[in-house]
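S.K.: Line order of the protein sequences matches chains A and B. Letter 281 of the first sequence, counting from 1, is numbered 281 in full-length UniProt numbering, and no numbers are missing. Letter 94 of the second sequence, counting from 1, is numbered 94 in full-length UniProt numbering, and no numbers are missing.
One thing to keep in mind: the hints can contain errors.
No copy is singled out in the list; a pair is fine if it fits within one copy or between any two copies.
[Stated by the list, open to error] Here are the simulated SDA-like cross-link-like pairs (lysine to any residue), alpha carbons at most 20 Å apart as the crow flies:
id	residue 1	residue 2
1	K94	A257
2	K99	P159
3	K99	E218
4	K94	E277
5	K99	S84
6	K99	A12
7	K99	F85
8	K222	N102
9	K99	E158
10	K99	D127
11	K99	Y275
Worth flagging that the hints you see were computed from the coordinates, not collected in a lab. From a predicted model like this one, the values you see are computed outputs, not experimental measurements.
There are 2 protein chains.
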Amino acid sequence: MALEERVEAAIAAAVGFGLGPDAPPRLAQALPYAVTPGGARIRPTILLSVAIACGDDRPGLSNAAAAALELIHCASLVHDDLPSFDDADIRRGKPTIHKAFNEPLAVLTGDSLIILAFDVLARAAEDAPGRGLGLIRTLAKRSGMPDGICAGQGWESEPTVNLSAYHRSKTGALFIAATCMGAQAAGQEPEPWVELGSRIGEAFQVADDLRDALYDAETLGKPAGQDTVHARPSAVTELGVPGAIRRLRDILSGAIASIPSCPGEAMLADMVRAYAERMTPVAPAAATSPMRARA
Amino acid sequence: MALEERVEAAIAAAVGFGLGPDAPPRLAQALPYAVTPGGARIRPTILLSVAIACGDDRPGLSNAAAAALELIHCASLVHDDLPSFDDADIRRGKPTIHKAFNEPLAVLTGDSLIILAFDVLARAAEDAPGRGLGLIRTLAKRSGMPDGICAGQGWESEPTVNLSAYHRSKTGALFIAATCMGAQAAGQEPEPWVELGSRIGEAFQVADDLRDALYDAETLGKPAGQDTVHARPSAVTELGVPGAIRRLRDILSGAIASIPSCPGEAMLADMVRAYAERMTPVAPAAATSPMRARA
Numbered sequence: 001m002a003l004e005e006r007v008e009a010a011i012a013a014a015v016g017f018g019l020g021p022d023a024p025p026r027l028a029q030a031l032p033y034a035v036t037p038g039g040a041r042i043r044p045t046i047l048l049s050v051a052i053a054c055g056d057d058r059p060g061l062s063n064a065a066a067a068a069l070e071l072i073h074c075a076s077l078v079h080d081d082l083p084s085f086d087d088a089d090i091r092r093g094k095p096t097i098h099k100a101f102n103e104p105l106a107v108l109t110g111d112s113l114i115i116l117a118f119d120v121l122a123r124a125a126e127d128a129p130g131r132g133l134g135l136i137r138t139l140a141k142r143s144g145m146p147d148g149i150c151a152g153q154g155w156e157s158e159p160t161v162n163l164s165a166y167h168r169s170k171t172g173a174l175f176i177a178a179t180c181m182g183a184q185a186a187g188q189e190p191e192p193w194v195e196l197g198s199r200i201g202e203a204f205q206v207a208d209d210l211r212d213a214l215y216d217a218e219t220l221g222k223p224a225g226q227d228t229v230h231a232r233p234s235a236v237t238e239l240g241v242p243g244a245i246r247r248l249r250d251i252l253s254g255a256i257a258s259i260p261s262c263p264g265e266a267m268l269a270d271m272v273r274a275y276a277e278r279m280t281p282v283a284p285a286a287a288t289s290p291m292r293a294r295a
Numbered sequence: 001m002a003l004e005e006r007v008e009a010a011i012a013a014a015v016g017f018g019l020g021p022d023a024p025p026r027l028a029q030a031l032p033y034a035v036t037p038g039g040a041r042i043r044p045t046i047l048l049s050v051a052i053a054c055g056d057d058r059p060g061l062s063n064a065a066a067a068a069l070e071l072i073h074c075a076s077l078v079h080d081d082l083p084s085f086d087d088a089d090i091r092r093g094k095p096t097i098h099k100a101f102n103e104p105l106a107v108l109t110g111d112s113l114i115i116l117a118f119d120v121l122a123r124a125a126e127d128a129p130g131r132g133l134g135l136i137r138t139l140a141k142r143s144g145m146p147d148g149i150c151a152g153q154g155w156e157s158e159p160t161v162n163l164s165a166y167h168r169s170k171t172g173a174l175f176i177a178a179t180c181m182g183a184q185a186a187g188q189e190p191e192p193w194v195e196l197g198s199r200i201g202e203a204f205q206v207a208d209d210l211r212d213a214l215y216d217a218e219t220l221g222k223p224a225g226q227d228t229v230h231a232r233p234s235a236v237t238e239l240g241v242p243g244a245i246r247r248l249r250d251i252l253s254g255a256i257a258s259i260p261s262c263p264g265e266a267m268l269a270d271m272v273r274a275y276a277e278r279m280t281p282v283a284p285a286a287a288t289s290p291m292r293a294r295a
């Protein structure tokens, strides 16, 4: 499908900027390793869908924005998998970076991908520097402190957690970045797109909680039951499986209702509906069995 | 002194952008902890000196550039001190971040400071977006892969090391960023300023090798003899102490000769001479005693 190919080409081009003849070879291997194979590439796909819905008059800038967002997402996964965080051995069906390479290279891979994300945006913005700076500010706001995914991960080191701030920053932030940056790449203001990103982010959080509770490690491509292991808040613990599925559907209806008026409004509604079907877990046996207890 | 105050005010303002009412409190404490007290603030001081020498017609942008550069430097120190890297307990006379807080917060502090650096530049560049994007590209090039400090740290995970690439990226890169970004903040092209930054970086590498070999931990504010412990290349091992001191003076003469023609040329030459005096270690007893053996 054209959109998928466009996302992969943009990511490959972006990672290419991080490679060169004088680079340390193992770190240079780790960068493409960390971004392939992709998961669903859902954030850059949403970003490009919004950009297209808004006219996509600078496709090169949209591609850079999509790649930059995915690089930040991959960086956060690499750091989140580290022994001092989730201590995960497997990610997307293959060894995590600190297992396949080593721990310093995992830290440096994350750092390099973060830096590369901003570089990719700055490179693509020469002809539209105002839009470029806007994209960089949105990406920074949704990635760093005090409101981005770094803040979200930071809540996991707190004795008491502000749950709404935690979810908004840990999962929601990059979905908000996806919708806002898609609009900005096409020359629109980002603010009207915050709500759509926020609701899609909430939906993914609930879907992720459901998957973590219902699926095994092989299906997930990463360890299962991690919410229980790490005593993380979960919609499944709060609402049970059927309640969490109802909540997921309500959030997605709200997401469709929040789409700002734009030429591609109907196409975006279809996209959210398609995600809704893909996100709702099908696991009837597990869904009716008693849930794992939580601390 | 005015320049010192200007640097500290710029850094404090930049870190302030990373704090907010919904931020996780411990990570919010770790950000200012990681950037204070400063060391000599040598990179932002060089940056502002070059900006002033070039006219400094946008002092707000110069301040943002100085702060952004120091945030990246501090981020690299926090990650370099991690247990899987240098495993340092003390930095600038106080516990390192992973000791004072914990290891996840040390990783996230570094990540947050990197992101904040780009955010600070984008915020300050609204009235001069072209300059802002140029500054962001220079900072990214000298921080990340394939040529920046991430690359330099990456060489420490290689079985065989390209020594010139290692030194150029690990130590030289942020000094090159300092001179180039100072010029760019004042509207000048960066390329003519690469050589000055590169030579100052080489001088600091030799001075650092001398300090590591000659001084004790109390004087350094961090563990001494780390080059030997980690079997890192060192000018002292290669040339001996008197040879390394001669080399330091030669490099600084070359640095002065390389200063591009600009209104503040003489002032910059004085600055380099002042650094030369401060950098040359005074340790006569140690200097004549046998050096530690290296693996």
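S.K.: For each hint, tell me whether it holds in the structure or not.
M.R.: Hints and how they fare:
1. For the homomeric pair K94 and A257, neither the shortest alpha-carbon distance inside one copy (38 Å) nor that between copies (53 Å) is at most 20 Å.
2. Taking CA atoms no more than 20 Å apart as the test, K99 paired with P159 passes between copies only; the shortest distance there is 17 Å, against 29 Å inside one copy.
3. In this homomeric assembly, K99 and E218 come within 20 Å of each other (Cα to Cα) only inside a single copy, at 18 Å, whereas the closest approach across copies is 36 Å.
4. Taking the shortest Cα distances, K94 and E277 never come within 20 Å of each other, neither inside one copy (27 Å) nor across copies (53 Å).
5. In this homomeric assembly, K99 and S84 come within 20 Å of each other (Cα to Cα) both inside a single copy, at 13 Å, and across copies, at 13 Å.
6. For the identical chains of this complex, K99 and A12 are neighbours neither inside a copy (23 Å) nor across copies (38 Å), given an alpha-carbon limit of 20 Å.
7. Taking the closest pair of Cα atoms, K99 and F85 come within 20 Å of each other both inside a single copy (14 Å) and across two copies (16 Å).
8. Taking the closest pair of Cα atoms, K222 and N102 come within 20 Å of each other only inside a single copy of the chain (19 Å); across copies the shortest separation is 25 Å, beyond that limit.
9. Taking the shortest Cα distances, K99 and E158 sit within 20 Å of each other only across copies (16 Å), while inside one copy they are farther apart (27 Å).
10. For the homomeric pair K99 and D127, neither the shortest alpha-carbon distance inside one copy (41 Å) nor that between copies (46 Å) is at most 20 Å.
11. When the C-alpha separation of K99 and Y275 is checked against a cutoff of 20 Å, the pair qualifies neither within a copy, at 32 Å, nor between copies, at 43 Å.
In summary, the numbered hints that this structure violates are 1, 4, 6, 10, 11.
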